[in-house]
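Number of protein chains: 2
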Amino acid sequence: MQINLSLEGLTFNGGNCMTTATLENSVSEKVTDWLDKFGKALESKNIDSALGLMNKDCYWRDLVSFTWNIKTMEGKDQIKAMLSATLDNVKPSHWVLKEEASEADGVIDAWFTFETGVSRGLGHLRLKDGLCWTLLTTMVELKGHEEKTGDRRIAGAEHGAFKNRKTYAEVRAEDSANLGHTVQPQVVIIGGGQGGIALGARFKRLGVPTIIIEKNARPGDSWRNRYKSLCLHDPIWYDHLPYIPFPEDWPIFSPKDKIADWLEAYTKIMELNYWGSTLAKKCKYDESKGTWEVKVEKEGKEIVLRPKELVIALGVSGYAFVPKIEGAETFQGDQHHSSKHPGPEKYVGKKCVVLGSNNSAHDICAALWEQGIDVTMVQRSSTHIAPSGALMDLALGGLYSEKALKNGIDHHKGDLIFASVPYKIMHTFHIPVYDEMKKREADLYGRLKKAGFMLDFGPDGSGLFMKYLRRGSGYYIDVGASELVANGSVKLKSNVNIQKINPKSVTLTDGTELPADLLVYATGYGSMNNWLADLMTPEIADKVGKVWGLGSDTPKDPGPWEGELRNMWKPSNVPHLWIHGGNLHQSRHYSQFLSLQIKARMEGIPTPVYGLAQVHHTR
Amino acid sequence: MQINLSLEGLTFNGGNCMTTATLENSVSEKVTDWLDKFGKALESKNIDSALGLMNKDCYWRDLVSFTWNIKTMEGKDQIKAMLSATLDNVKPSHWVLKEEASEADGVIDAWFTFETGVSRGLGHLRLKDGLCWTLLTTMVELKGHEEKTGDRRIAGAEHGAFKNRKTYAEVRAEDSANLGHTVQPQVVIIGGGQGGIALGARFKRLGVPTIIIEKNARPGDSWRNRYKSLCLHDPIWYDHLPYIPFPEDWPIFSPKDKIADWLEAYTKIMELNYWGSTLAKKCKYDESKGTWEVKVEKEGKEIVLRPKELVIALGVSGYAFVPKIEGAETFQGDQHHSSKHPGPEKYVGKKCVVLGSNNSAHDICAALWEQGIDVTMVQRSSTHIAPSGALMDLALGGLYSEKALKNGIDHHKGDLIFASVPYKIMHTFHIPVYDEMKKREADLYGRLKKAGFMLDFGPDGSGLFMKYLRRGSGYYIDVGASELVANGSVKLKSNVNIQKINPKSVTLTDGTELPADLLVYATGYGSMNNWLADLMTPEIADKVGKVWGLGSDTPKDPGPWEGELRNMWKPSNVPHLWIHGGNLHQSRHYSQFLSLQIKARMEGIPTPVYGLAQVHHTR
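Chains D and B, in that order, are what the protein sequence lines are. Note that our numbering has the first sequence beginning at 1, numbered continuously upward. Note that our numbering has the second sequence beginning at 620, numbered continuously upward.
Mixed in with the good hints, there may be bad ones.
Lysine-lysine pairs mimicking DSSO-like chemistry, simulated, CA-CA at most 27 Å apart [claimed, not checked]: (1) D:Lys403 / B:Lys969; (2) B:Lys847 / D:Lys268; (3) B:Lys823 / D:Lys413; (4) D:Lys406 / B:Lys1022; (5) D:Lys166 / B:Lys847; (6) B:Lys887 / D:Lys215; (7) D:Lys148 / B:Lys1022; (8) B:Lys1022 / D:Lys204; (9) B:Lys1032 / D:Lys413; (10) B:Lys887 / D:Lys228; (11) D:Lys166 / B:Lys969; (12) D:Lys268 / B:Lys834; (13) D:Lys143 / B:Lys1022; (14) D:Lys340 / B:Lys785; (15) D:Lys403 / B:Lys767; (16) B:Lys959 / B:Lys900; (17) D:Lys284 / D:Lys424; (18) D:Lys350 / D:Lys324; (19) D:Lys406 / B:Lys767; (20) B:Lys823 / D:Lys268; (21) D:Lys98 / B:Lys823; (22) B:Lys785 / D:Lys350; (23) D:Lys98 / B:Lys959; (24) D:Lys406 / B:Lys1025; (25) D:Lys413 / B:Lys1022; (26) D:Lys204 / B:Lys785; (27) B:Lys785 / D:Lys228; (28) D:Lys228 / B:Lys767; (29) D:Lys204 / B:Lys847; (30) D:Lys346 / B:Lys785; (31) D:Lys403 / B:Lys823; (32) B:Lys1110 / D:Lys166; (33) D:Lys413 / B:Lys717.
Now the in silico label distances, taken between C-beta atoms and shown as ranges [unchecked claim]: (34) D:Ser176 / B:Arg1066: 58 to 68 Å; (35) B:Asn797 / D:Lys281: 39 to 49 Å; (36) B:Asn797 / D:Gly343: 21 to 31 Å; (37) B:Ile773 / D:Gly52: 47 to 57 Å.
Only some residues are given here: those of chain B computed to face chain D with a beta carbon under 8 Å [to be verified]: (38) Cys850; (39) Asp853; (40) Ile888.
No wet-lab data here; the hints were simulated from the structure. What you are looking at is a predicted structure, and each value in this text was computed from that prediction instead of being measured. Note that the Cβ used here is the ideal one computed from N, Cα and C, for glycine as well.
With the hints as constraints, model all of the structure from the sequences given.
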């Protein structure tokens, strides 16, 4: 057979042949080889063999498939313990390279598929010197309980003719009317923001009857009710919801009202059972019935729901935290937490003081300045400033951008690449990014420091995302306010606190008195499980423990090391109680794993949880 | 350099090399060669050279790029005339193969890109014996006026800080409030069904200010208001709207209410200026102002709109056609056209007669039977029956299905493949499909005939789609009603008409009397331009002429041959008046070309129309 090749200067003539030929490269061969050995070792339960394929410095992050948990095993000992405990149940098999592997800087990068007894999965592998450095295993679907998409989609029209048929719309209306009344849902999600909505869509696809409880009237209201200049600070490619990506012409930083309208349309299109104007009052687990008892108030009426599983999706910020400051009750102006700030309109001509220096503080100060209002930011501790454009290019650009799309990385792939980096070493991936940011933004940073602003890049220089994961605060993604601070348009008092509040002013710890008609406490939030204390009991809140953070032993994230975000998207120490949330990316990606864990339980599939996280901190 | 190949039994060993290599095949080479020669011939304006690259039996279908029209040139003479008239203006260039070509049954199939002076395009080519058999050129975008998607998307958040900024939502609300009042739209679309909505979305993306006028209150109401068992008869892959495809889990035959809700969400998300509860009263072109004067009644108030361009998107069915039958005014039961049929609920226990035997007649008869109601179908002339499943497999399956998706054919590609088949020879592509259908469905067809049903497959055996294109009627996509006719559950009187209507019965032309409490006229629609007669004047309606049909000289589609659908998506003989519509596929695809034609005019780009269709029939 003649072949027609043109390959880097080598040319052969020839006749007809295949349109394209995939050349097996030795990189893919290496991976296939590794996967074969690994698969065989696991199949024969030869754990030592499997460990022999790992570097000393190795990590295995499993999203549900092996551990029915969200868990990272760090080092051979932890991997050995996990395999010893789980292999018999999991029955892994079919470790197959999914696409051509690649190599860069001595690291081989590969995607593969695999199966367990009850599921199909997708994984990622990094090899160094032929041995595993990082391994990611993720559950994609449960065998026999796949989403009814593509080939599996339902017909819709019932072809044929049936006496007394009910139409699709009638069945839907009936189900919707019955659910929560004559028929109890499998799951209740408390919180109808982007997190609850994304998770609700996953449950809908998996056929898990769910009710979403939301105190505001309409989906998206939590966005509509914010100050008007609010936009996403993460670029659009990072922010898609599950199943229906944002249209290709959406602004990079989408305004709050567009997001709100999208959430509303999405909730309708996805046919979610969304109870707006519904307040969750009290939740109690009823052992005798094997369900939760969830008391809600829906448009003034009390209703009791009895789901098997309860998901809290109220956002990973807890209650607004307002520090108690002497004299607060004497203040004659307006004072409120940033979450209650209505925007600048009422304060034209007034004097404003904003306590705090992170995201909300900056947004609010900028909006006040734009209306020509006199505003002073009071900075108590250092803040990490990450200019939005630089963040987009340097931190997210490789995975979530038009450039990434052109490189064949869509958000599905971006999510998995993100997930494949163990938290333990994640900071090492980020430090160079922020070193580069320091150079690129040297001018702004210099002028900020000159203005007295206290800047940081995280305790180890790893910047924004690590701060976000560790403590959920302590940063501002700069979309313009930093310039105002740097040039003095927004006044700044730094390294001080408010000592005392007076009827028409505040006194700072350095003795300065600032006249004030408005005082905004941009002072953050408490631990999310404070809500649990009120919704359930303080004991339950303590049993669940602190939510968020990695145990990195950095400010606001005390050790010991947990290796995963506390209590997020995985079994908690309170059975049938789950927490969902995070930013739009995390909501999108981790809703997949949370929904699969709950679907498995609904279908009676055994879900032996490996390595349930211990609680080291109660709040 | 060593290469590592494994190619049909030939194996070479080697070291590292590229992950994949594309082998140039001689099929692609042939096409590249042809495109080079063709491009050079056009560039040097050597029309004879270009014609030398064509078969005697050749077709060139152009969607806007060359002709600023929707036009098929059949044979060398017509192609020559077109090129002579347009080459100087068009300035075509850059004819480049887009992906590997393929060959089957002696025909080479290829996709290519090209440019004109003002646009970029995508094309399709079929070569037979090295010469062009069919050529399709389509305009994709206007240079300098591309949709702001992907790389070109807007930032959204105005980074920086601006005193007195207006937010995105405020700007949108302002524009929306002003448009049609203090600011006139470029385009008014009369008709807010799927056609108007799809076209509106295209205009929005292109930055053409547009108002959509709809008599019903909400987008989708025209679907909501139909009888409840209505579903799409075309499978979902065929039906996507522009920009946002239906989710992957939508039923194959989506129920009307789901479609209605999608249209409503889509209209909101796409930020269309949609005026519901608005009736178009009168339209007149104002030569002195160079705009239309469109009088509408919006929620009781008269408003005058002054767009440059007017699009009628009322559906290609005109007014409901109700035959005048002696005695109709004496009828004591309910009588109405199928379009006004409320469904079976009121008629339980009654006797029903449905005049007609096409789509609506079958749907209505089946719905009546499902409620246990006595119904007789009166068939006046033969009908083509295409069972939905067979249609989906045999006719659409290659282009619009999960299988097609797996073969790399999404609906964008499906649309272009569909568009690449000249109408002149389209029936030859379809005849084998319906021959196969006759075999596959022999049992049903046999039993229908036995029951007395008059069956046809179009005058030339080319079946459903040709009937649809030629006359928009005369068929039923069977989703179950045919079984009822075949087995006598729905009674049938065929080859008769209603002679006379009596107070409680109808008398047929064969003398039979049928008792009746309900008479449904499933008797179709008049030509679409009857609406123009009322909206504008009869003279204008006549000047536009008959809408739809190809001039095939088959029943209801008189010659002469037009080669394209009359008056659809292209310049009409009334300047600034356009007609949009068709099924969901046509609406989706041809809205692209209609919107580009109007955008070009808005931007002052010269649009010399080649071959404006003459009017041969006024209604």
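These are the hints, each one checked on the structure:
1. D:Lys403 / B:Lys969: violated, 66 Å
2. B:Lys847 / D:Lys268: holds, 20 Å
3. B:Lys823 / D:Lys413: violated, 31 Å
4. D:Lys406 / B:Lys1022: Status holds; Cα separation ~26 Å.
5. D:Lys166 / B:Lys847: holds, 9 Å
6. B:Lys887 / D:Lys215: With Cα atoms ~23 Å apart, Lys887 of chain B and Lys215 of chain D stay inside 27 Å; holds.
7. D:Lys148 / B:Lys1022: holds, 16 Å
8. B:Lys1022 / D:Lys204: holds, 25 Å
9. B:Lys1032 / D:Lys413: Holds, because 24 Å separates the two Cα atoms, which is no more than 27 Å.
10. B:Lys887 / D:Lys228: Status holds; Cα separation ~20 Å.
11. D:Lys166 / B:Lys969: holds, 21 Å
12. D:Lys268 / B:Lys834: Holds. Lys268 of chain D to Lys834 of chain B sits at ~23 Å (cutoff 27 Å).
13. D:Lys143 / B:Lys1022: With Cα atoms ~22 Å apart, Lys143 of chain D and Lys1022 of chain B stay inside 27 Å; holds.
14. D:Lys340 / B:Lys785: holds, 21 Å
15. D:Lys403 / B:Lys767: Holds: Lys403 of chain D and Lys767 of chain B sit about 16 Å apart, inside 27 Å.
16. B:Lys959 / B:Lys900: holds, 21 Å
17. D:Lys284 / D:Lys424: violated, 36 Å
18. D:Lys350 / D:Lys324: holds, 24 Å
19. D:Lys406 / B:Lys767: It holds: about 17 Å lies between the C-alpha atoms, which stays within 27 Å.
20. B:Lys823 / D:Lys268: holds, 23 Å
21. D:Lys98 / B:Lys823: violated, 40 Å
22. B:Lys785 / D:Lys350: Satisfied, since the Cα-Cα distance of roughly 21 Å is no more than 27 Å.
23. D:Lys98 / B:Lys959: violated, 55 Å
24. D:Lys406 / B:Lys1025: holds, 21 Å
25. D:Lys413 / B:Lys1022: holds, 24 Å
26. D:Lys204 / B:Lys785: It is violated: about 38 Å lies between the C-alpha atoms, which goes past 27 Å.
27. B:Lys785 / D:Lys228: holds, 9 Å
28. D:Lys228 / B:Lys767: Satisfied, since the Cα-Cα distance of roughly 24 Å is no more than 27 Å.
29. D:Lys204 / B:Lys847: Holds: Lys204 of chain D and Lys847 of chain B sit about 24 Å apart, inside 27 Å.
30. D:Lys346 / B:Lys785: Given that 27 Å is the threshold and the Cα spacing comes to 16 Å, the pair holds.
31. D:Lys403 / B:Lys823: holds, 25 Å
32. B:Lys1110 / D:Lys166: holds, 24 Å
33. D:Lys413 / B:Lys717: Since the Cα atoms of Lys413 of chain D and Lys717 of chain B sit roughly 26 Å apart, the hinted pair holds (cutoff 27 Å).
34. D:Ser176 / B:Arg1066: 58 to 68 Å: Distance hint for Ser176 of chain D, Arg1066 of chain B is violated at roughly 40 Å.
35. B:Asn797 / D:Lys281: 39 to 49 Å: At 46 Å between Cβs, range holds.
36. B:Asn797 / D:Gly343: 21 to 31 Å: holds, 24 Å
37. B:Ile773 / D:Gly52: 47 to 57 Å: At roughly 54 Å between Cβ atoms, Gly52 of chain D and Ile773 of chain B fall inside 47 to 57 Å, so the hint holds.
38. Cys850: Constraint on Cys850 of chain B satisfied, holds at 4 Å.
39. Asp853: violated, 11 Å
40. Ile888: Where the cut-off is 8 Å and the nearest Cβ of chain D is about 5 Å from Ile888 of chain B, the hint holds.
The structure does not agree with the numbered hints 1, 3, 17, 21, 23, 26, 34 and 39 stated previously, though it agrees with the rest.
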